[in-house]
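Chains A and B supply the protein sequences, listed in that same order.
The numbers in our numbering rise by one with no breaks, and the one at position 50 of the first sequence is 50.
The numbers in our numbering rise by one with no breaks, and the one at position 128 of the second sequence is 128.
Hints in this document: simulated from the structure, not taken from any laboratory.
Take these hints with a grain of salt, some might be off.
Here's a subset of chain A near chain B, in silico, CB distances under 8 Å, partners left out [what the hints assert, rightly or not]:
(1) V23
(2) L25
(3) L26
(4) L27
(5) N28
(6) R29
(7) L30
(8) L31
(9) C33
(10) L34
(11) V35
(12) E37
(13) V38
(14) Q40
Covered by chain A, per the in silico footprint, the following chain B stretches (three or more residues, Cβ under 8 Å) [stated by the list, open to error]:
(15) 91 to 101
(16) 161 to 174
(17) 469 to 478
Computed list of lysine-lysine pairs in DSS-like fashion (alpha-carbon distance at most 27 Å, straight line) [said to hold, decoys possible]:
(18) K60(B) x K246(B)
(19) K67(B) x K103(B)
(20) K158(B) x K39(A)
(21) K473(B) x K429(B)
(22) K39(A) x K85(B)
(23) K39(A) x K216(B)
(24) K551(B) x K429(B)
(25) K595(B) x K574(B)
(26) K239(B) x K284(B)
(27) K496(B) x K551(B)
(28) K259(B) x K39(A)
(29) K595(B) x K429(B)
Just so you know, even glycine gets a beta-carbon here, dropped at the ideal spot from N, CA and C.
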Amino acid sequence: MATFTDRLMGEVIENPEGQERDVELLLNRLLHCLVDEVKQHTATQGSTSHSFENSAKGEILGGDIK
Amino acid sequence: MNLPSQADPKPLPPVRCLVIQLARLGDTIQSLMALRAAKQLYPSLEIHFLARERFAVAAKRVPWIQKVISFPADQILGPILLGDKNAPESLGDLARWIAPLVKDPWDVVVNWTFSEASSYLTALIPSRVKLGYTRRRDSSFSGADGWSHFIQAIVQGKVNQNIHLTDILTTQLLTALQIHFGEPTGDGNSTVTSKTFFSLALNESELETVIQGESKSWISIQLGAGQATKAWDAENWAKLIQHILKRNPEHSIYLLGGKEDEEKANLILREVDGDANVVSLVGKTGYDLWTSVVARSQWLFAADTAAIHLASVLGVRVFNISVGPVRYFETGPYGNGHYVIAPAHICEACNRESLHLNEHTCRTDISAEAAYATWAYAAKEWAHRRMVSLETHFSELGWSDKLNSIRIFRSRIRNSSDGGGVQYEPQLKKPLSMEEWTGMVMGHMARAWYCGWLPPIGKEITREAISPQLIQKLREISESTQVLSKICLQASQTAKALNQRGSALKSEKVMGLRDRTEIQELGKTLTELEGLMERVTNTHPPLKGFSQMSKVLMHHLQGTQLSDLGKETAESYKQLNEGIQLFKQWIQSTLDIAKPVAVKSATISTFEKEIST
């Protein structure tokens, strides 16, 4: 049976609700967001961590509602 | 031999729970406090805790956490940031780290990070129940539960509300556990905070080398803060220490902080002229030593730092100097008897979240004298039993003028019959601001929406706290709440019509011209009503929460059929209207409390008495 990493590129993973997700897309977005968080916090606070005060709100409340 | 009676509930099978907390140490400790309450009520919870490597140590010291998973940020993100690897190359590293997490489905995944990145991580992990931010099948953002919608629209939307984050996290998890896994089987009355909350791996001799004079009453002072604008100046700390040591020779002081606080510590040591009662441990403590020192202290003094959460969880009293853009009612010290001293007014720089230190005029509002007087009052509660007012206490010290620019609060855990959770009771007779009033209403509304029951309206407002300015503002927004209510009712009716139209259609792709025109008209009406709501709330900032909540609810509508979306839209506007009705009741209740009450004068009473005799 193929492992998760073997199935990574262009493959899908199935979760118990029967939904299929594009793993590569989610992983890519995760990586980019993590890097962006570090850059943003290093620039503003000299810190590499996240806090409650920054969030995904811009995505929703900023008008990007799809 | 005791045999279990037939009435004894069967122990629940283990519930595998993954908690994702990729925020900072303070958020990590608040999460642990919420998890402690859940673990006490649901002993079958098998908690796995995911944190950044830098902050994972706190969870590693908690004996009832099954496993701590560290996110190696430096290892995975470092090479990209340094330009040694590109993103596609690092993707494999990230996938290999995630692989064990997605191997077996979880019973519950709780994402308490509330960030965009963590929503993608949560989406990748298979689980029966998910709480917090995640992603839908099409990768669009999703708040998995009602409390997540509230956090997104209200807490992160910078709308005032007065429920502490620890209480939000606790309620969010306990509600989900009750719905999906049944009634709790554990003891809900045992305390969450404890000196032994953490099992520390500390060498006693190492501790003794720094803890000098066991008989002394120690005060620990954490010098730094999460960001510079939230820290109190070193000069102020130095003056406060001098006031304490001059009048309270039985006390000694530990200075705590990271290496970045060494300059501050050196300045303080110079100011106190090398007083032996002031010991700097700044830059010298790892997690275990830091925790041990705080646990042994009588008080922890700090601005907005993780230390206040550490002291709270250890049951150490906190004196929180809350300067800069801090929302102490959400993230202040948790428990009974903590004190918070804050500027009387939010400064303009705080409102726009400026990172420039000098722009924050609020930083000069709290003087060392005001801080000392407040702490001295708090420390002697056992003697005066709060029968003496803080105003009198300041007056006796000759510092009454220092009260003008500050507010002082004392924390208290409410009775469960009053809604439970921590509240910060004002200790000075100052008028209630519109922001505080809105915070009380929004907190009340959240309880109505997500807890299903309500404590009495306005119970925590006194007549003296209602100023003419507040009354004027409430009257101004009263009419707008009527308008908002009408908008919600009309929107709800329009959405119901959309639901009925949708249900009657044989196909949503092929329909008659008349049906199509009517459906388009209904959709147009809804858009116009949404725009109208936005305009009304823009005019009155205290109502901003409703339009933000509306946007979040509309984003989270579920279903692909027109009829489903119509039904969910109608439900969302019904929820908003319930909130608006509560807002209106609060306005009315506050205005009623403020109404003049006829008091019989002494002369009339005497006259009546004479007549009756």
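Each hint tested on the structure:
The criterion of a C-beta within 8 Å of any C-beta in chain B is met by V23(A), whose closest approach is roughly 7 Å, and the hint holds. Checking L25(A) against chain B by beta carbon gives a least distance of about 6 Å; that is within 8 Å, so the hint holds. For L26(A), the interface hint holds, since its Cβ comes within 8 Å of a Cβ in chain B; the closest pair sits about 5 Å apart. Proximity of L27(A) to chain B holds as hinted, the smallest CB-CB distance being about 6 Å (cut-off 8 Å).
Interface restraint check for N28(A): the shortest CB-CB distance to chain B comes to about 7 Å, inside 8 Å, so the restraint holds. Interface restraint check for R29(A): the shortest CB-CB distance to chain B comes to about 5 Å, inside 8 Å, so the restraint holds. Nearest Cβ of chain B to the Cβ of L30(A): about 4 Å, under the 8 Å cut. The hint holds. A distance limit of 8 Å between C-beta atoms decides the matter here; for L31(A) the minimum to chain B is near 6 Å, and the interface restraint holds.
Hint status for C33(A) relative to chain B: holds, with the closest Cβ pair at about 4 Å, below 8 Å. Evaluation of the L34(A) hint against chain B yields a held restraint, the C-beta minimum of about 5 Å falling below 8 Å. At its closest, the beta carbon of V35(A) sits 6 Å from a beta carbon of chain B; the interface hint therefore holds under the 8 Å criterion. Hint on E37(A) holds. Least Cβ distance to chain B is approximately 6 Å, under the 8 Å limit.
Hint status for V38(A) relative to chain B: holds, with the closest Cβ pair at about 6 Å, below 8 Å. Below 8 Å, beta-carbon pairs count as interface contacts, and Q40(A) has none with chain B, the closest being about 11 Å; its hint is therefore violated. Note: the region 91 to 101 of chain B has 7 residues with beta-carbon separation from chain A under 8 Å; the three-residue rule is met and the coverage holds. Taking a C-beta to C-beta cut-off of 8 Å, the region 161 to 174 of chain B contributes 1 residues in contact with chain A, too few for the three needed, and the coverage statement is violated.
Taking a C-beta to C-beta cut-off of 8 Å, the region 469 to 478 of chain B contributes 0 residues in contact with chain A, too few for the three needed, and the coverage statement is violated. Restraint check: the Cα-Cα separation between K60(B) and K246(B) comes to about 41 Å, which exceeds 27 Å; the hinted pair is violated. Among the hinted pairs, K67(B) with K103(B) is consistent with the structure: their alpha-carbon atoms are about 16 Å apart, no more than 27 Å. Of the supplied pair hints, the one linking K158(B) and K39(A) holds, its CA atoms being roughly 23 Å apart against a limit of 27 Å.
Among the hinted pairs, K473(B) with K429(B) is consistent with the structure: their alpha-carbon atoms are about 20 Å apart, no more than 27 Å. For the proposed pair K39(A) and K85(B), the alpha carbon gap of about 16 Å is at most 27 Å, so the pair holds. Straight-line distance between C-alpha atoms of K39(A) and K216(B) comes to about 45 Å, which puts the hinted pair past the 27 Å bound. Distance hint between K551(B) and K429(B) is unfulfilled; the C-alpha atoms sit about 38 Å from each other, more than 27 Å.
Note on K595(B) and K574(B): the hinted pairing is violated, with a Cα-Cα distance of about 32 Å set against a maximum of 27 Å. Among the hinted pairs, K239(B) with K284(B) is consistent with the structure: their alpha-carbon atoms are about 24 Å apart, no more than 27 Å. Pair hint K496(B) plus K551(B) holds up; C-alpha atoms about 19 Å apart against a cutoff of 27 Å. Of the supplied pair hints, the one linking K259(B) and K39(A) holds, its CA atoms being roughly 22 Å apart against a limit of 27 Å.
This hinted pair checks out: K595(B) and K429(B) have alpha carbons roughly 19 Å apart, not beyond 27 Å.
Going down the numbered hints, you'll see the structure goes against 14, 16, 17, 18, 23, 24, 25, while the others check out.
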